[in-house]
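K.L.:
As given, the protein sequences belong to chains A and B, one line each in that order.
The opening position of the first sequence corresponds to residue 1 in our numbering, with each subsequent residue numbered one higher.
The opening position of the second sequence corresponds to residue 1 in our numbering, with each subsequent residue numbered one higher.
Watch out, some of these pointers could steer you wrong.
[Stated by the list, open to error] Using 27 Å as the maximum straight-line C-alpha spacing, the simulated DSS-like pairs for lysine-lysine come out as follows:
| # | chain 1 | residue 1 | chain 2 | residue 2 |
| --- | --- | --- | --- | --- |
| 1 | A | K14 | B | K41 |
| 2 | A | K58 | B | K17 |
| 3 | B | K154 | B | K203 |
| 4 | A | K76 | B | K24 |
| 5 | B | K17 | A | K96 |
| 6 | B | K147 | B | K203 |
| 7 | B | K24 | A | K14 |
| 8 | A | K76 | B | K16 |
| 9 | A | K41 | B | K34 |
| 10 | B | K203 | B | K62 |
| 11 | A | K96 | B | K16 |
| 12 | A | K14 | B | K17 |
| 13 | A | K30 | B | K24 |
| 14 | B | K34 | A | K96 |
[Claimed, not checked] Not the full set, but computed from the structure, chain B residues with beta-carbon under 8 Å of chain A:
| # | residue |
| --- | --- |
| 15 | E20 |
| 16 | K24 |
| 17 | V30 |
| 18 | Y183 |
In short, the hints are calculated from the structure, not lab data.
Every residue gets a Cβ at the ideal spot worked out from N, C-alpha and C, and that includes glycine.
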Amino acid sequence: MPTTLEQIAIRIIKEQELIIGPLAWTQATKVRGIHITDQNKGALTMDQVSNTSAIIDKLVGQYERLFGRASREVSKEAAAPFLSSLSPADIPLSLK
Amino acid sequence: MAEDNINTPISSEEYKKVTEELYKQNLEVVRLYKQVEELNKELEVANEGQADLLHIINHQIKGYMTKARYVFDALLNEPEYGPVPDNAISIVKEGYGSVTEGVNFVQDFLTSSNIERGTYTYQIEPVDMKAVVEEASRAQEQSAKDKGLIYELKIVAGDYSISGDKQQLSQTVRNLIDNSIKYTPTGSLHVSLERDGNKILFKIKDTGVGLSDELKPKLFTKGGRDKDSQKININSTGFGLAFVKGVAEAHKGRVWAESAGVNQGSTFYMELPVK
Chain A
1 MPTTLEQIAI
11 RIIKEQELII
21 GPLAWTQATK
31 VRGIHITDQN
41 KGALTMDQVS
51 NTSAIIDKLV
61 GQYERLFGRA
71 SREVSKEAAA
81 PFLSSLSPAD
91 IPLSLK
Chain B
1 MAEDNINTPI
11 SSEEYKKVTE
21 ELYKQNLEVV
31 RLYKQVEELN
41 KELEVANEGQ
51 ADLLHIINHQ
61 IKGYMTKARY
71 VFDALLNEPE
81 YGPVPDNAIS
91 IVKEGYGSVT
101 EGVNFVQDFL
111 TSSNIERGTY
121 TYQIEPVDMK
131 AVVEEASRAQ
141 EQSAKDKGLI
151 YELKIVAGDY
161 SISGDKQQLS
171 QTVRNLIDNS
181 IKYTPTGSLH
191 VSLERDGNKI
201 LFKIKDTGVG
211 LSDELKPKLF
221 TKGGRDKDSQ
231 KININSTGFG
241 LAFVKGVAEA
251 HKGRVWAESA
261 GVNQGSTFYM
271 ELPVK
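Let the sequences and hints guide you as you build the complete structure.
P.N.:
Written out as structure tokens, the structure reads:
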């Protein structure tokens, strides 16, 4: 069962995939701490470190670095339904 | 001169700008796609609601008409109401006939609707298609002759036994013949039944109004009547041929029509497998 942050990462990648295609998964593999286990099923794991939410920030940043500000808004919209289940301290800065 | 044609290198800033613009364009397309998807879902729900409402209304109408038919039937046949006065017999009979037609019409609509929804349960039994065609033909031949049409039935000798729903197969044959009669103002109807290997082919060739290229693809779809069809057949609902297709396909058969064009006559085919 993926954690909430893992679900957020999956959702962001899938939403980016709608816009840029499989490139979204290629870019996600470049983010340290994210491990794509099955792209077809949309499954991944994230390193469980002290600041896991920073991995999400890196993912959001990876897309933003390539595709600009508009991509950040897409990531925020994609993650929005999951944020209510996180404590304010655990919400990644890039999604606030 | 040649050097003028050499493009200057694209800077990383330009690449980034182009990439970001492309991203925005794609994003817009995705948003529009999502909107269309949402609208489609809403439309499906609305269509389903409308179909359900129509179904309920027709059930109600059928109930009222069936009751009216019982009333006419009782007036004509039950001794307890006494004899119908001579000067009223024809009008009471006309009322009975009209209401009976109405009940059958609504029943066809409901059956067609259930077939389309996949909620109709076929009563499968051994059926002799030769007998089905002969019976339907007997009933329809008079209508054709009353209209001044030449009517011919030709059944090639052979075994026409299949497994199927006799009532619905009879209705499909009646619908096909009825359709040709209604859309043939003058001329003739040639109805035939033949066996081709493991298939039975029922065919009606008429000299009627023919089929336009516009009508052909939607001919066997629900409501798929021609724009002028009600000028020729005032009772046209566009459900009769959709019903035929539904029943034929449920029996693993197929229906199709051929026509050289408007006012060139048509030939309707229904092919059913023997096993």
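K.L.:
Quick check on the hint: V30 of chain B CB to chain A CB, less than 8 Å?
P.N.:
OK, holds: V30 of chain B within 8 Å of chain A, min 5 Å.
K.L.:
Straight-line Cα separation of K30 of chain A and K24 of chain B no greater than 27 Å?
P.N.:
23 Å, holds
K.L.:
Hint E20 of chain B vs chain A: min CB-CB distance below 8 Å?
P.N.:
4 Å, holds
K.L.:
Given the hinted pair K76 of chain A and K24 of chain B, is their Cα-Cα distance within 27 Å?
P.N.:
Between K76 of chain A and K24 of chain B the Cα gap is close to 15 Å, so the pair holds against 27 Å.
K.L.:
For the hint on Y183 of chain B, just tell me whether its beta-carbon gets within less than 8 Å of chain A.
P.N.:
50 Å, violated
K.L.:
Does K34 of chain B lie within 27 Å of K41 of chain A when you go C-alpha to C-alpha?
P.N.:
22 Å, holds
K.L.:
Is the straight-line distance between the alpha-carbon of K34 of chain B and that of K96 of chain A 27 Å or less?
P.N.:
25 Å, holds
K.L.:
Can the restraint linking K154 of chain B and K203 of chain B be considered satisfied, given a maximum Cα separation of 27 Å?
P.N.:
Status holds; Cα separation ~10 Å.
K.L.:
Check whether the Cα positions of K147 of chain B and K203 of chain B lie no farther apart than 27 Å.
P.N.:
Given pair K147 of chain B, K203 of chain B holds - Cα atoms ~21 Å apart, limit 27 Å.
K.L.:
For K14 of chain A and K41 of chain B, compute the direct alpha-carbon distance and say whether it is at most 27 Å.
P.N.:
Status holds; Cα separation ~22 Å.
K.L.:
Hint check: K96 of chain A vs K16 of chain B, CA-CA at most 27 Å. Holds or violated?
P.N.:
Holds, at about 25 Å.
K.L.:
Would you mind confirming whether the straight-line C-alpha gap from K58 of chain A to K17 of chain B stays at or under 27 Å?
P.N.:
21 Å, holds
Of the hints listed earlier, those the structure fails to meet are numbers 10, 18, in rising order.
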